[in-house]
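Q: Each residue of the sequence shown is one higher than the one before, starting from 39 at the first, in this note's numbering.
Read the hints as simulated data drawn from the structure, not as lab findings.
Careful, some of the hints might be misleading.
[What the hints assert, rightly or not] Here are the simulated BS3-like cross-link-like pairs (lysine-lysine), alpha carbons at most 30 angstroms apart as the crow flies:
id: 1; residue 1: Lys78; residue 2: Lys190
id: 2; residue 1: Lys336; residue 2: Lys243
id: 3; residue 1: Lys190; residue 2: Lys215
[To be verified] Pairwise CB distance ranges, derived in the manner of DEER restraints:
id: 4; residue 1: Gly101; residue 2: Leu329; range: 34 to 42 angstroms
id: 5; residue 1: Leu77; residue 2: Thr330; range: 40 to 48 angstroms
id: 6; residue 1: Thr82; residue 2: Leu305; range: 20 to 28 angstroms
id: 7; residue 1: Ser80; residue 2: Met176; range: 17 to 25 angstroms
id: 8; residue 1: Leu123; residue 2: Met176; range: 51 to 59 angstroms
id: 9; residue 1: Gln126; residue 2: Lys78; range: 49 to 57 angstroms
id: 10; residue 1: Glu125; residue 2: Ala69; range: 45 to 53 angstroms
id: 11; residue 1: Asp168; residue 2: Leu332; range: 46 to 54 angstroms
id: 12; residue 1: Ala220; residue 2: Pro180; range: 28 to 36 angstroms
Glycine included, C-beta positions come from ideal geometry on N, C-alpha and C.
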Amino acid sequence: MPDGSFWKVRKNTFGDCLIIGEIGVIGLAEASHLAAVFLKLSFTDCSGLFAACLGVLFALGVGVLIRRRKHIFTRSRSETPAGALGEQRILYAVFGLIVISQLIFIGMGNAIYRQGDMMTETVESFLVSDGIYRVNPMTGMPYTEGMPLRLKILCLPTLYGSLCRWTGIRPAFLVQKLVPMAVLLSSYGAFSLLGRALFPTEGRKRVWFLLGVSVLLWAGAYGYGMEGFDLLCCGWRGTAIRGGVLLPWTLSLCLRRVWPGIILCILAEACMVWTFYGCGACLAAAAGLTLTLLFCRKLSGRAADRAPEKGAERGGAI
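Generate coordinates for the entire structure from the input sequences, incorporating the hints supplied.
A: Okay, here's the thing in structure tokens:
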């Protein structure tokens, strides 16, 4: 029978902490965004509130890393022959070259897909009007009937606009170049954690897994709606962050039974994705995989219970 250890919370690794930090930034951006929307604050006040919250988050994160550094920075070890280790290094080098080529592809900007997307214009309207959704980015005129609440509560424009205000970077460059690069690297971090969950002691299989992911992303870059297309052609969107970072991390959390992180993924998705564009995918993936794992454990438990009975029958026959 399945024991209580299935529901035991496992500790996070360094990679988990990095993604948790990114989700924390999204959560603080959402809190600051909602405060500005409902209290009718200026965008300057909103970005100032966001900066103060980020300072607190950074201090807490440093404290957690210092306190738990022995566990967080401990890497799993596997018995790897010298020849296999050399092969892994070569494969990681190939993987690194593929990632660099994808970053260059994003930086060139020749395949940016913006049809129906106004993220850059929305960020620019926040900065120019010093307010949240006060000016229609399509017309440059104030809103007359407002915006649907399902769109107004999403925080990515505030997050990107705050970064532009703090750094002085042009919205188009940050949204279309820098953010997709950061999302792509975060995606590989999430897939790396998924590979470690699938192959905890087999480094060779993990690197082949990452190579397969990188090749699939390149292949998907030429098909609208594919994860590769989202990450390499419009990586600033909430759907790209969900599909490339949140979903693979959710699967790795389910396999490792790190349950609190799944809740963070569900909340982060709700802060970024339009309600009518698939919000709830992380919840569905977590529920489906968890039920599958429980079913498999139940079947293995029944098989283990039947094994002694068969052994007793054979012994009696002898």
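Q: Next step is simple, just say for each hint if it's right about the structure.
A: Hints, one by one, checked against the model:
| no. | hint | verdict |
| --- | --- | --- |
| 1 | Lys78 - Lys190 | 13 angstroms, holds |
| 2 | Lys336 - Lys243 | 28 angstroms, holds |
| 3 | Lys190 - Lys215 | 24 angstroms, holds |
| 4 | Gly101 - Leu329: 34 to 42 angstroms | 37 angstroms, holds |
| 5 | Leu77 - Thr330: 40 to 48 angstroms | 44 angstroms, holds |
| 6 | Thr82 - Leu305: 20 to 28 angstroms | 27 angstroms, holds |
| 7 | Ser80 - Met176: 17 to 25 angstroms | 22 angstroms, holds |
| 8 | Leu123 - Met176: 51 to 59 angstroms | 56 angstroms, holds |
| 9 | Gln126 - Lys78: 49 to 57 angstroms | 56 angstroms, holds |
| 10 | Glu125 - Ala69: 45 to 53 angstroms | 47 angstroms, holds |
| 11 | Asp168 - Leu332: 46 to 54 angstroms | 52 angstroms, holds |
| 12 | Ala220 - Pro180: 28 to 36 angstroms | 33 angstroms, holds |
The earlier numbered hints are all upheld by this structure, with none contradicted.
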